[in-house]
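*Asks:* Modelling step: build the complete structure from the supplied sequences, incorporating the hints.
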Amino acid sequence: MAKSMLIISRQAPWNGPSAREALDIALAGGAFDLPLGMLFLDDGVFQLAPHQQPAAVQQKNLAANLQALPMFGVEALFACQHSLALRGLAADTLALPVDVLDDAALQALIARFDQVVTL
Amino acid sequence: MKFAIAVFSPAHAPSSRRALRFAEAVLAGGHEIARLFFYQDGVHSASANVVAPQDEQDIAAQWRAFIDSHQLDAVVCIAAALRRGVLDETEASRYQRPAVNLPKPWELSGLGQLHEAAQQADRLICFGGD
Amino acid sequence: MPTLHVISHSPFGDERLISCLRLLGSEDGLLLCGDAVYALHDGSETQRLLQAAGLGQRLFALDEDLQARAITGGLAKVVDYRAFVALSLHYDKVNSWL
Chain A
1 MAKSMLIISR
11 QAPWNGPSAR
21 EALDIALAGG
31 AFDLPLGMLF
41 LDDGVFQLAP
51 HQQPAAVQQK
61 NLAANLQALP
71 MFGVEALFAC
81 QHSLALRGLA
91 ADTLALPVDV
101 LDDAALQALI
111 ARFDQVVTL
Chain B
1 MKFAIAVFSP
11 AHAPSSRRAL
21 RFAEAVLAGG
31 HEIARLFFYQ
41 DGVHSASANV
51 VAPQDEQDIA
61 AQWRAFIDSH
71 QLDAVVCIAA
81 ALRRGVLDET
91 EASRYQRPAV
101 NLPKPWELSG
111 LGQLHEAAQQ
121 ADRLICFGGD
Chain C
1 MPTLHVISHS
11 PFGDERLISC
21 LRLLGSEDGL
31 LLCGDAVYAL
41 HDGSETQRLL
51 QAAGLGQRLF
61 ALDEDLQARA
71 ITGGLAKVVD
81 YRAFVALSLH
91 YDKVNSWL
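Residue numbers (our numbering), protein chains in the order written: chain A, 1 to 119; chain B, 1 to 130; chain C, 1 to 98.
It should be emphasised that the hints constitute simulated quantities derived from the structure, not laboratory data. Be aware that one or more of the hints could be misleading.
Stated by the list, open to error - Okay, the calculated beta carbon distance ranges per label pair:
no., chain 1, residue 1, chain 2, residue 2, range
1, B, G29, C, A70, 23 to 31 Å
2, C, D14, B, Q120, 39 to 47 Å
3, B, N49, A, A108, 42 to 50 Å
4, B, G110, C, Q67, 36 to 44 Å
Said to hold, decoys possible - Under the rule of at most 30 Å between Cα atoms (straight-line distance), these lysine-lysine pairs were calculated in the DSSO-like manner:
no., chain 1, residue 1, chain 2, residue 2
5, B, K2, A, K3
6, B, K2, B, K104
7, B, K2, C, K77
Stated by the list, open to error - Stretch by stretch, here's where chain A covers chain B in the computed footprint (C-beta under 8 Å, at least three residues):
no., region
8, 98-112
9, 118-125
For every residue, glycine included, the Cβ atom is placed at its ideal position computed from N, Cα and C.
*Replies:* Here it is in structure tokens:
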């Protein structure tokens, strides 16, 4: 049975390639039908903020790529409730359908996966 | 036990040296390294062009020597490498760039190799960020 | 499945340690290396934070980084690379906070 991997993305979207490169790990794994999950934590939740205009900083639309995750079989998407609240992001306005989890649920989430990569 | 070790930082970063020391300890402990995978700024740990100051550790050279002497599988992510200007002969030629700075023993390949190693290994460990 | 979390950033002006402690499972371990060992500095706010977190035998620090910075392990069990490898096998997986 394939090992499952949780990818935790902690960087804001326009802070260099980190957000994109975390997503690329997920998409690559999805292409191989691996059981994956993706968690947006700390500044990573800013990737989910609505109405962003990446063209203003001459960047590609990360949200469009994030929306491709389910097409690659990565449907287990999560966001940290505390990170959202700290940053004033309302769970019901996010650009991607994610399960918003509190700390206890996140502990259980991390425990469930065979491997974790946090970037 | 088998380890997959991923390096996300350049040769001058403490985490690249730390990854190397960890990798050495893995082998010294009688374990195997399924693959070394260099991603994000880790591609710079594979650069042949790094000139370490004379009074500092030459971690890029130490990585090369370690990989060579143990005949390890060392993969550099091609997308991360291109973006950061770390190119082998094929890519330098393909993109008409003036310099080749990724030597053997490293191979350029995709993130699939990271996943394959993660699946094969008993443990996946990442180093980087600092 | 207990996880060994690894942090290498200084806790001052960085969110990693705080976030990690929030997500730390009751059987998870935490290894401090690199500048993260500053969290163990005597008299620091972070030392108090780690004390309060009650990690007991599940808190580790890499010897070379403590020595380089003249910090004593204190709360943390001091480990070398050989022990770091052993820890990575003792726990089910390793999560490095890159």
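*Asks:* Work down the list of hints and note, for each, if the structure agrees.
*Replies:* Evaluated hints:
| no. | hint | in the structure |
| --- | --- | --- |
| 1 | G29(B) to A70(C): 23 to 31 Å | 29 Å, holds |
| 2 | D14(C) to Q120(B): 39 to 47 Å | 33 Å, violated |
| 3 | N49(B) to A108(A): 42 to 50 Å | 46 Å, holds |
| 4 | G110(B) to Q67(C): 36 to 44 Å | 40 Å, holds |
| 5 | K2(B) to K3(A) | 14 Å, holds |
| 6 | K2(B) to K104(B) | 23 Å, holds |
| 7 | K2(B) to K77(C) | 25 Å, holds |
| 8 | 98-112 | holds (count 3) |
| 9 | 118-125 | holds (count 3) |
Checked against the numbered hints listed earlier, the structure breaks hint 2 alone; every other hint is satisfied.
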